[in-house]
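Enquirer: Chains A and B supply the protein sequences, listed in that same order. Numbering follows the numbering used here, in which position 49 of the first sequence is assigned residue number 49; successive positions increment by one, without gaps. Numbering follows the numbering used here, in which position 97 of the second sequence is assigned residue number 97; successive positions increment by one, without gaps.
Hints may be right or wrong, so weigh each one.
[Stated by the list, open to error] Here are some, though not all, of the chain B residues that point toward chain A, as calculated from beta-carbon distances under 10 Å:
| hint | residue |
| --- | --- |
| 1 | Val4 |
| 2 | Lys22 |
| 3 | Ala91 |
[Unchecked claim] No more than 30 Å apart at the CA atoms, straight line, and that leaves these computed lysine-lysine pairs for DSS-like:
| hint | chain 1 | residue 1 | chain 2 | residue 2 |
| --- | --- | --- | --- | --- |
| 4 | B | Lys22 | B | Lys71 |
| 5 | B | Lys68 | B | Lys58 |
| 6 | A | Lys9 | B | Lys37 |
| 7 | B | Lys58 | B | Lys71 |
| 8 | B | Lys22 | B | Lys58 |
| 9 | B | Lys71 | A | Lys14 |
| 10 | B | Lys58 | B | Lys37 |
| 11 | B | Lys22 | B | Lys57 |
| 12 | B | Lys42 | A | Lys9 |
Worth flagging that the hints you see were computed from the coordinates, not collected in a lab. Small disclaimer: the values here were computed from a predicted structure and weren't measured. Even for Gly, the Cβ is constructed at its ideal location relative to N, Cα and C.
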Amino acid sequence: NAGVTQTPKFQVLKTGQSMTLQCAQDMNHEYMSWYRQDPGMGLRLIHYSVGAGITDQGEVPNGYNVSRSTTEDFPLRLLSAAPSQTSVYFCASSPTGNGYTFGSGTRLTVV
Amino acid sequence: GENVEQHPSTLSVQEGDSAVIKCTYSDSASNYFPWYKQELGKRPQLIIDIRSNVGEKKDQRIAVTLNKTAKHFSLHITETQPEDSAVYFCAAKGSGGYNKLIFGAGTRLAVHP
């Protein structure tokens, strides 16, 4: 199993550009989440999903969209990138909602 | 919604000493409390977790205790080693039908030889 795979690993965007961060898992996990990590602020939940077709907002959803058309994939879309979205983004998955496994992260810089 | 506070933000100990990190949560219906370790430049990894029907859980040198009445839980690391140096995060899973896992801000632990 590859586990949780995130692409790209690094990305630089210009303010106003849009992009999609990819997340895929091959463990047949129903639960998937996106977090952003900023210095001194821990891991903040952006959006999460409890199964294909079901998503909900987390603590900091503004500026981000998600969809879950398959069990395997949970992409995160930045609609119009802002410097405040410079962060490390982690995707995580779980079979039960407990014991999440994290991907290796995407380091995003918005200039 | 759920709010998790974690203390201290930094902790420095000598090798062989014990380390304790404490977290409080706001949602009394929370029922799952994991701890993650994140080494520099790497992903968070689950090291231990506890459910609300258990007061204490141990795994070798690490243990977690839960006080549901006071809504706080703690991570205890005994006989610390330099490889324990990392950032540690606590988290709590909120109530309701959905499973929001909310994290604390983290504790940077430094173990000095």
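Enquirer: All hints, please: hold or fail.
Expert: Hint by hint, here is what the structure shows:
{"no.": "1", "hint": "Val4", "in the structure": "8 Å, holds"}
{"no.": "2", "hint": "Lys22", "in the structure": "15 Å, violated"}
{"no.": "3", "hint": "Ala91", "in the structure": "8 Å, holds"}
{"no.": "4", "hint": "Lys22/B <-> Lys71/B", "in the structure": "11 Å, holds"}
{"no.": "5", "hint": "Lys68/B <-> Lys58/B", "in the structure": "18 Å, holds"}
{"no.": "6", "hint": "Lys9/A <-> Lys37/B", "in the structure": "20 Å, holds"}
{"no.": "7", "hint": "Lys58/B <-> Lys71/B", "in the structure": "19 Å, holds"}
{"no.": "8", "hint": "Lys22/B <-> Lys58/B", "in the structure": "16 Å, holds"}
{"no.": "9", "hint": "Lys71/B <-> Lys14/A", "in the structure": "43 Å, violated"}
{"no.": "10", "hint": "Lys58/B <-> Lys37/B", "in the structure": "16 Å, holds"}
{"no.": "11", "hint": "Lys22/B <-> Lys57/B", "in the structure": "15 Å, holds"}
{"no.": "12", "hint": "Lys42/B <-> Lys9/A", "in the structure": "12 Å, holds"}
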